[in-house]
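S.K.: One-letter residues, chain by chain:
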Amino acid sequence: MEVMVYSENEKLFRELVSAASHLNASKITGVVIGTDDDAEKAAKFVDKVLFVDSSQVGDYRPKEYAEAAFQAIKSSDPQVFLVGGTHKGNAMAAMLSVMLGEPSVTEVSDLKVTEEGLMVLRSAFGGVAIAEVRVGRKLFTKVASPKIACLKPGFFPPVLEEKNGSIERINVDVKATAEVVEVKEKEKGAGLEDAEVVVVAGRGVKKKEDLSIIEELAKSLGGVVGVTRPLSADLHWAPVWVGMSGVAVNPKLYVGVGVSGQIQHVAGIRNSKVIVAINVDQNAPIFEHADYGIVGDLYQVVPKLVEMLKS
Amino acid sequence: MDIIVCIKQAYDVQQLKFDPKTGEPMLAAAPRKMSDMDRRALEEALRIKESAGGTVKTITVGPPETRDVVKEIYAMGADEAFVVADMNLDKADSGVTAKLIVETVKKIGNFDLILAGAASTDEYSWQVPAKVAAMLNLPFFPNAISLSIDGDLVAECDLGDAVYQFKSPLPAVVSVSLEINEPRIPTLSAILKASRKQFTDFRIEDLGVDAISELELRKVMMPKVERKNVIVDATDPSKMEAELRKILDELRKENVL
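First to last, the protein sequences are chains A and B. Going by the numbering used here, the residue at position 154 of the first sequence is 154; the numbering climbs one at a time, nothing skipped. Going by the numbering used here, the residue at position 108 of the second sequence is 108; the numbering climbs one at a time, nothing skipped.
So here's chain A without its partners, still in its complex pose:
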């Protein structure tokens, strides 16, 4: 079985290769829409790279990139197409699904191929539950018509370099409809996705300046700071937030400071190994999801913890 993978994100690309191996793929093909350099990097992880030079398609736009991928797929015969589940990947996958006439499934955390076809686990009901879903009524019948699954980041260990795949250059003919006027790179979300320790500030933190005490705690734990949705989306204290609709984290240690534990937030921290919560309200829902809870005023507790960690 040939499995095809695509992600614009280098680490996620390697996670997809790992997932493809997990499916016992006999051949793993990577689609790269980018530069020669991108294609060469990708070839270190897969058997073959289908390389579309981004000068033929321009910057990312869902329709144009889906069309490029659609044309690239035709020169191969994948049964499953794994796409990195970012905003870019999800949008492209949806349009590609329509072009191919094959189903797409997103928010996937695990998958397998059985006699019945492709089976996946995906998050359900805004991340509060997990669903088992069969993808497609028919099994692999047509040539170059893969079922599409978009994988959430962080569920498969990224593969390390081990291959020397071939690179096939694909010429595509994509009609551009939209123009990319500007690309504003975002401030890095302090490496939240990869952090071993994440300390998250919630609405219990009263002023933006007070984030400094949260940063102190993160520093003494060797971690990075994140915030909940209201602090980012409403108050603009940080460019990204931790939660189902923002960044999902999977650290060894998560510390929620003044975080109430809204279900969408909890869904984004569920894969943390150990969860610690600090909240003044003993009835805060976060305590139900915590391994260790500290009921107390964060303005007293956090400086004390920093002091104790330092000594």
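Please keep in mind that the hints were generated in silico from the structure rather than gathered at the bench. Relax, there's no trap hidden among the hints.
Below, computed lysine to aspartate or glutamate pairings styled on EDC-like, alpha-carbon distance capped at 20 Å:
#: 1; chain 1: B; residue 1: Lys239; chain 2: A; residue 2: Asp297
#: 2; chain 1: A; residue 1: Lys252; chain 2: B; residue 2: Glu254
#: 3; chain 1: B; residue 1: Lys106; chain 2: B; residue 2: Asp210
#: 4; chain 1: A; residue 1: Lys48; chain 2: A; residue 2: Glu168
#: 5; chain 1: A; residue 1: Lys186; chain 2: B; residue 2: Asp161
Add chain B to chain A, keeping to what the hints say.
M.R.: Below, chain B without anything else, positioned relative to chain A:
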């Protein structure tokens, strides 16, 4: 500007309860609400109409109880609501939902822009608006944080690693994020008036769509993550240090410090 907004009446996941024995969600008793991002798509459409004129029509696809959302759609200020309701649509996948929306769009006829929430609060597939665009062969821009129309459409979209500003001719399809606006709260009199307004109620047969989902939901369960729930009380300043030490000792044992 004639705008069509896709609005889902989603499960209110905040209020979803799980059967303690089977671990399955108790959907029959679960309340529904207008999906958060779709509400913002409607708000954005109304704001464009208020500044540039035109119409705002809405399409809702789902099981029969989703008809309830129409009252709120009218109360917020939409001109005309279209619903496709069927018992089996609770299990509709993104492909089926998109097909039904597209056929309804064709019944409506003229439009300049289609808006929708980037993802629904219960399903979170991020697929439906993009599929609608692909089926209509229109450009698509996901997760917009701001929109303006100046002959062409200009959309700023948060794509995770960067914010992209796209410029595109109309018609186009745009999905909006939670950040794009703060939706209005309808007045009581608007709600009262809204309950008397008629809407177009389609059946699947009216639209000639093969509504069999490719995605088949086999099982839904609560994720099993057992947490230790060791809680200490650090509200008394004289005992705080001793209580915190207990937690730090545990964290050292867990090997996470």
